[in-house]
Amino acid sequence: MLVFLALDDHLFLLKGVAQSFALVPPGRLFLTPVLVRQVLEFSGQMFFLAVKIASPVMASIFLVDLALALISRAAPQMHVLVLGFPVKLGVGFLFLTLIFQLLAMVLSGYVRDLDAMFLNLLRAMGPPGP
Numbered sequence: 044m045l046v047f048l049a050l051d052d053h054l055f056l057l058k059g060v061a062q063s064f065a066l067v068p069p070g071r072l073f074l075t076p077v078l079v080r081q082v083l084e085f086s087g088q089m090f091f092l093a094v095k096i097a098s099p100v101m102a103s104i105f106l107v108d109l110a111l112a113l114i115s116r117a118a119p120q121m122h123v124l125v126l127g128f129p130v131k132l133g134v135g136f137l138f139l140t141l142i143f144q145l146l147a148m149v150l151s152g153y154v155r156d157l158d159a160m161f162l163n164l165l166r167a168m169g170p171p172g173p
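Everything in the sequence shown is counted per the working numbering, starting at 44 for the first residue and increasing by one.
If you are wondering where the hints come from, they were derived from the structure by calculation, not from laboratory data.
Any given hint could turn out to be false.
As the list claims (entries may be wrong) - Using C-beta positions, here's what the derived DEER-type ranges look like:
(1) Leu162 x Leu106: 56 to 66 Å
(2) Gly70 x Ala159: 22 to 32 Å
(3) Pro68 x Leu109: 53 to 63 Å
(4) Leu48 x Phe85: 37 to 47 Å
(5) Ala49 x Ala93: 14 to 24 Å
(6) Leu162 x Leu74: 13 to 23 Å
(7) Phe128 x Met160: 34 to 44 Å
(8) Ser86 x Val134: 25 to 35 Å
(9) Pro68 x Val134: 46 to 56 Å
(10) Lys131 x Asp156: 30 to 40 Å
(11) Gln88 x Asp51: 47 to 57 Å
(12) Leu124 x Gly70: 50 to 60 Å
As the list claims (entries may be wrong) - Okay, derived cross-link-like pairs now, EDC-like style, lysine to aspartate or glutamate, Cα gap no bigger than 20 Å in a straight line:
(13) Lys131 x Asp52
(14) Lys95 x Glu84
(15) Lys131 x Asp158
(16) Lys58 x Asp156
(17) Lys95 x Asp156
Model, not experiment: these values are computed from the prediction.
All C-beta atoms, glycine included, are put in the ideal place defined by N, C-alpha and C.
Put together the whole structure using the sequences plus the hints.
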């Protein structure tokens with residue numbers, strides 16, 4: 044949320060809400076095949092972005108799980124389940140702080156592209172032209 048506010052992306056959000064009322068008046072939503080295609084493309088891009096954001100942390104957690112499995116095999120008397128949760132939590136937060144600046148750059152570029160994507164989506168929702 045702080046990245047969102049620091050990059051002034053809340054202004055893009057407010058601009059988009061204002062444009063949505065101009066392009067699609069209340070009660071005038073038209074469902075067309077073009078709209079369905081654009082919603083599916085947008086959903087795919089959002090899923091790709093979510094994987095892009097989560098992949099470094101997921102990879103670090105996988106490596107921690109692998110290390111804990113090796114420790115469990117080497118020292119069976121050690122309670123790996125009790126040890127694993129705080130270690131995973133700490134490593135996840137560590138990787139998140141390490142990639143935070145890179146994450147801000149990725150999100151900033153994507154939010155700038157969202158303006159055009161939402162505009163196309165709103166045009167597809169609006170009444171058909173003459």
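Structure versus earlier hints - violations, ascending order: 1, 4, 11, 13, 15
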